[in-house]
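Novice: Each chain, written out:
There are 2 protein chains.
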Amino acid sequence: MATLPCHVHFVGFGLIASSLARALRVLNPAIRLTVYDHNPAVRQSVQDLGLVDQVTGSLSPVPEGADLVVLAVPMLAFSEVLKDLEVPPHAILTDVGSVKGIVEEALRLYAPSLLPRFVLGHPLAGTEHSGPEHGFAELFQNRWCLLTPLSETHPSALAMVKNVWEGVGARVDTMSVAHHDQILAITSHIPHLIAFTIVDTAVTLGEDLCQEVVQYAASGFRDFTRIAASDPTMWRDIFLTNKEAVLSMLDRFTEDLEALKTAISHGQGDVLFKTFTNARRIRRDIIAAGQA
Amino acid sequence: MATLPCHVHFVGFGLIASSLARALRVLNPAIRLTVYDHNPAVRQSVQDLGLVDQVTGSLSPVPEGADLVVLAVPMLAFSEVLKDLEVPPHAILTDVGSVKGIVEEALRLYAPSLLPRFVLGHPLAGTEHSGPEHGFAELFQNRWCLLTPLSETHPSALAMVKNVWEGVGARVDTMSVAHHDQILAITSHIPHLIAFTIVDTAVTLGEDLCQEVVQYAASGFRDFTRIAASDPTMWRDIFLTNKEAVLSMLDRFTEDLEALKTAISHGQGDVLFKTFTNARRIRRDIIAAGQA
Chain A
1 MATLPCHVHF VGFGLIASSL ARALRVLNPA IRLTVYDHNP AVRQSVQDLG
51 LVDQVTGSLS PVPEGADLVV LAVPMLAFSE VLKDLEVPPH AILTDVGSVK
101 GIVEEALRLY APSLLPRFVL GHPLAGTEHS GPEHGFAELF QNRWCLLTPL
151 SETHPSALAM VKNVWEGVGA RVDTMSVAHH DQILAITSHI PHLIAFTIVD
201 TAVTLGEDLC QEVVQYAASG FRDFTRIAAS DPTMWRDIFL TNKEAVLSML
251 DRFTEDLEAL KTAISHGQGD VLFKTFTNAR RIRRDIIAAG QA
Chain B
1 MATLPCHVHF VGFGLIASSL ARALRVLNPA IRLTVYDHNP AVRQSVQDLG
51 LVDQVTGSLS PVPEGADLVV LAVPMLAFSE VLKDLEVPPH AILTDVGSVK
101 GIVEEALRLY APSLLPRFVL GHPLAGTEHS GPEHGFAELF QNRWCLLTPL
151 SETHPSALAM VKNVWEGVGA RVDTMSVAHH DQILAITSHI PHLIAFTIVD
201 TAVTLGEDLC QEVVQYAASG FRDFTRIAAS DPTMWRDIFL TNKEAVLSML
251 DRFTEDLEAL KTAISHGQGD VLFKTFTNAR RIRRDIIAAG QA
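In order, the protein sequences belong to chains A and B. Under the numbering used here, the first residue of the first sequence is numbered 1, with each subsequent residue one higher. Under the numbering used here, the first residue of the second sequence is numbered 1, with each subsequent residue one higher.
Keep in mind that the hints were calculated from the coordinates and are not lab data. Treat the hints with caution; some may be incorrect.
Put simply, identical chains are the same to the list, so a pair is met inside one copy or across any two.
[Said to hold, decoys possible] Heads up, simulated DSSO-like pairs for lysine-lysine below, C-alpha to C-alpha not over 27 Å straight-line:
#1 K261 - K83
#2 K83 - K243
#3 K274 - K243
#4 K261 - K243
Isolated chain A, as found in the complex (with noise of 0.2 Å):
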């Protein structure tokens, strides 16, 4: 078994982060945890919740003890932070960032030293609640971790963050940048698309008729808007650079939606039963594949 990390250091401390930092606290009481964090109320409520050793308010430089550094600031962030990081000679550095091809480029372009000791990572986990004082250790239990090493990753960085992420119990898998960021673009960011959208379709219907929707909310727009109430911020960023992926994969979502509502509109029953169909068989796979 690769080694552990003994002291791991949080740029960025949202759900995420905070509930690493919880997992890893179990996993090792001992482990030294520190935190960087840009937004002075995170940093304050960090310093309430009392789980991590230091929070600091300077980006730069990391601890010295460092030997794990954790990224986990919103897309948009990190050229910022990669630009200005300067990490001690020997850690090893990942992220947890929903988009990897946005990553790839930043690190080429304002950090290409880091390139062997950099893990690009993203575990597939969260809830719609944000911030670090709604984090729990058991968030990674059984979920997937994507690890989508480049061909400068050296492999003992890569086998020291897999040995984490499955030390708080997710199974870890590896992948291209490139498909990564397609599978997320339809199993992630489309859903997360669509639900925001039709939240604000009803937003727009007018203040009466959308007090109604409110009211009577069943199931279907319910599940949306627990979806749409995720971070803005995230999100934005997540639309923004994972662009193409997703435009691509939204062209595609629109032309079956078109197909769906001619089916309707000329009353084609059997294109409609059919479409549902594979549908449900669908669900039954993720229940088998322990996903539901």
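Take the given structure of chain A and dock chain B to it, following the hints.
Specialist: Below, chain B alone, put in the same frame as chain A:
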């Protein structure tokens, strides 16, 4: 307090009807419950469950002692059922259909003499499962049941049906047929259509990619597949019978989605941020309205 029925006869016995039967039995252990279902497998399942006093494969006549008849069939079956249904002279009737316009239409066309004692109703409750074996007595607790009385509806019939739903824990509200169908289009029908569509989009990605989508179904897609696992026949009928409201709301949704697509494509982060922030507020309203 108005009277409660002593003998309820169900025409069609799926998730909703069987949940109502269970809840009525809790409310009054002495109640007589009888069931017609056209499907022999469902009749066998009802016999095996031992929930009701009698099961029949003959639609008509309705058992003589029934003082409440609950129609719980897919939307497209209403015409056939109403054409052939012989009901005891004083029995009150109600239904649980998701679309009310088509029920009114079928009533006026095939059974106008029933208009004074037929109370159109729709409990906003359900799960992605179907069939009598998945029903449970608590399904309607704190959920809305919308009644859409017509100008002909007799107040005593309305009072009894209201009483039944309140008796099983639902909150009852009344509104017009057209208004109901519009509200439901946005709160339930469009979300389901979208969920079916995105799951269908995933299916058409090709087997390899689809398998990965299933494997890594993150939050978002996973929730959509749950919604999309609902009964295909029921949903086919809903879209075919609430065509106008669904297509009109779908046009609005498509416009809103196009606007967000343009915002992504043009990198307009402020537009995305504003939309996502609004959506989050709606979720808070829904939680405040007690529907979360």
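Novice: So, for every hint listed, does it hold in this structure?
Specialist: Going down the list of hints, with the structure as the test:
{"no.": "1", "hint": "K261 - K83", "verdict": "neither (48 Å within a copy, 30 Å between copies)"}
{"no.": "2", "hint": "K83 - K243", "verdict": "within (23 Å within a copy, 54 Å between copies)"}
{"no.": "3", "hint": "K274 - K243", "verdict": "between (31 Å within a copy, 18 Å between copies)"}
{"no.": "4", "hint": "K261 - K243", "verdict": "both (26 Å within a copy, 9 Å between copies)"}
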